[in-house]
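From first to last, the protein sequence lines are chains H and S. For the first sequence, the numbering used here assigns the number -5 to the initial residue and increments by one for each residue that follows. For the second sequence, the numbering used here assigns the number -5 to the initial residue and increments by one for each residue that follows.
One thing to keep in mind: the hints can contain errors.
A pair holds if it fits inside one copy or across any two, identical chains being indistinguishable in the list.
Dumping the calculated EDC-like pairs for lysine to aspartate or glutamate here, alpha-carbon to alpha-carbon at most 20 Å [what the hints assert, rightly or not]: (1) LYS212 to GLU297; (2) LYS212 to ASP264; (3) LYS19 to ASP141; (4) LYS212 to GLU83; (5) LYS19 to ASP228; (6) LYS246 to ASP18; (7) LYS19 to GLU83; (8) LYS19 to ASP61.
None of these hints come from the bench; they were simulated from the model. Nothing here was measured: the structure is a model prediction, and the numbers come from that model.
Number of protein chains: 2
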Amino acid sequence: MLESGATIGPVEVAYETYGTLNADKSNAIYVCHALTGDAHAAGHHGDPERRGWWDTMIGPGKPVDTDRFFVVCSNLLGGCQGTTGPGSEDPATGRAYGLGFPLFTVRDLVSVHRGLLAHFGIGHLAGAIGGSLGGMQVLQWVIDYPDDISAAVVVCASSRLSAQNIAFSAVAREAIMRDPDFQNGDYYGTGRSPDTGLTIARMMAHITYLSEASMREKFGRRLQHGEEPRFAFDVDFQVESYLQHQGEAFLKRFDANTYLYMTRVMDYFDAFADPGAVGAMLEQSGTRFLVVSFDSDWRFDTEHSREIVRHLQSWRVPVTFREVESPWGHDSFLLAVPEYLRTVEAFLGRAASDIGV
Amino acid sequence: MLESGATIGPVEVAYETYGTLNADKSNAIYVCHALTGDAHAAGHHGDPERRGWWDTMIGPGKPVDTDRFFVVCSNLLGGCQGTTGPGSEDPATGRAYGLGFPLFTVRDLVSVHRGLLAHFGIGHLAGAIGGSLGGMQVLQWVIDYPDDISAAVVVCASSRLSAQNIAFSAVAREAIMRDPDFQNGDYYGTGRSPDTGLTIARMMAHITYLSEASMREKFGRRLQHGEEPRFAFDVDFQVESYLQHQGEAFLKRFDANTYLYMTRVMDYFDAFADPGAVGAMLEQSGTRFLVVSFDSDWRFDTEHSREIVRHLQSWRVPVTFREVESPWGHDSFLLAVPEYLRTVEAFLGRAASDIGV
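The following block holds chain H by itself, in its conformation from the complex:
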């Protein structure tokens, strides 16, 4: 049963865990992934080249220390990497859901996470952590279940998207939905899928994940081949080659419908839309927050984080706020930025000690 009132058949959840759950099940940390993440957050499965997307953050001796914590990461509801989503078979029809998959909310994502925790018999989390859409889940989780989490880490997230944020997502969706191979979302098994639209969406998104300065440093106006411009429309500048590679590599691992659903979930997210109700929940919360932004992030800039902090403080929720200097824009949350990693490590370590973990 989703927030919208729609129901959805049995939901399978793909997950990974790292570390060991202690006897009283008090050392669990939930990792919530962002728009295009998956359950494979850390370590590798035999191929050291294919490390998890947050291997900088999670592992033995790392900020989310798997020697101390039992770490759970699951593919989100609506996902395309193991968890039930628009590409899964609808038991009512025997065919893929496609756009028949109900629209869900960040609240629904959290409900599924809690279902997985119930499966482990875990009733309380030492911590929850996520960046971008991941941070939105952590925030919503505390609002809906103020007793669930001791330490909440919300990185470069937003309590509600700006017009510009929505605009970028809207153009990405238009690129997918106007692709003639989209077939109103029923492209599974047809041998055609909206690859062009999804490639364009991903290329555009990548521009917003990097800062202008980091693009300047990484690519500048350097050419892909030799010193002389070729004066042609195919790839000539290195930045073009990078974006094309990112766009095309994405096709191998992502489903266009999931892209539509995940971006729309973010558009509609508005954590503090009903401040009275939210305040009533948060005032009784035992959660302490760490909110982190990056000074070069223009996808969700520091103002988004400050708005979260201001709201939390207005209800006397304990919040540590840190704007970290980093040249890498929104992508910083996935990278080895020392001050950021140290801050998370100290925050989680202290919170865990306080609850005897």
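Add chain S to chain H, keeping to what the hints say.
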């Protein structure tokens, strides 16, 4: 004969003029248009709703005062609004050029402008003015012909695009070129054209023309229909409706191949790539410059203008630089921003008086 060495058959140029050329032909001002502009810069042709794209700037008593100046604006080489471009017939084949149209440079755009001026018997300009790609033409014009222009006005332009600038253009081009209706540019007369790609390109570009703050003020998170979100993928937020309208309206007036050529011209533009040669030209120039940027412009931010100013000053070219406060981002150059209009008016007026116009 283009800078690349390629030649192109007879070039037709669509232009408009405003005001009256004086007896000694000393009062002409050339208006250079930007990426998607045309020759219709000011006034109207019977329908007051269809005023020129720079009607705030050009007209009787306006900064480019048509009571004083003879104003010329032409559609650029490679354009799609009257001047020879990729949609024109190639006399060698009897079919549209398509991608057979040679790639040209900002230098080539200027050469065509000069050809038109020769037709009027005008050997010297009181002024030249342009925003964005228009400003690039003005800059290149002075570099190539340091005796041509008394007063050069370069608004929110760049001497060379950044990696991020190129990236946005690259994604726009990919959207067009990957559209199955693109047909390698030979879509004329086939009944199909890359409308999807061009729409996506235009929608994305519009995000970069507005500032985050102006989008927030103009649209915020307001919904298109009623107060309650519809939780669907079609247009729900006002910003989505705006972008869709902009994207689709663009199809009626623009050609996808021209979009490819004009963006590529900008990517390759690098005014000061050979500073020795440029300096040698500019040091003998009699041109004075006004360089204007807008503080909320993130497409070509003030740093782009400062780089132009620094180069010009290094060769002792007289430059007035003004960063104008305006919330409207890159689009500001087309809008009635009083300080901006006053600055241009004063600059052109003074320069004209000094040459007795």
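How the hints compare with the structure:
1. In this homomeric assembly, LYS212 and GLU297 come within 20 Å of each other (Cα to Cα) only across copies, at 19 Å, whereas the closest approach inside a single copy is 26 Å.
2. Taking the closest pair of Cα atoms, LYS212 and ASP264 come within 20 Å of each other only across two copies (19 Å); inside a single copy the shortest separation is 35 Å, beyond that limit.
3. In the homo-oligomer, the alpha carbons of LYS19 and ASP141 lie at most 20 Å apart inside one protomer (15 Å), although the nearest pairing across protomers, at 81 Å, exceeds that limit.
4. For the homomeric pair LYS212 and GLU83, neither the shortest alpha-carbon distance inside one copy (42 Å) nor that between copies (42 Å) is at most 20 Å.
5. For a Cα distance limit of 20 Å, the shortest separation of LYS19 from ASP228 qualifies neither inside one copy, at 56 Å, nor across copies, at 44 Å.
6. In this assembly of identical chains, the alpha carbons of LYS246 and ASP18 never lie at most 20 Å apart, being 41 Å within a copy and 67 Å across copies at closest.
7. Proximity of LYS19 to GLU83 under the C-alpha cut-off of 20 Å is found in neither arrangement, the shortest distances being 34 Å within a copy and 76 Å between copies.
8. With identical chains, the CA atoms of LYS19 and ASP61 are at most 20 Å apart within one copy only, with a shortest distance of 15 Å there and 83 Å across copies.
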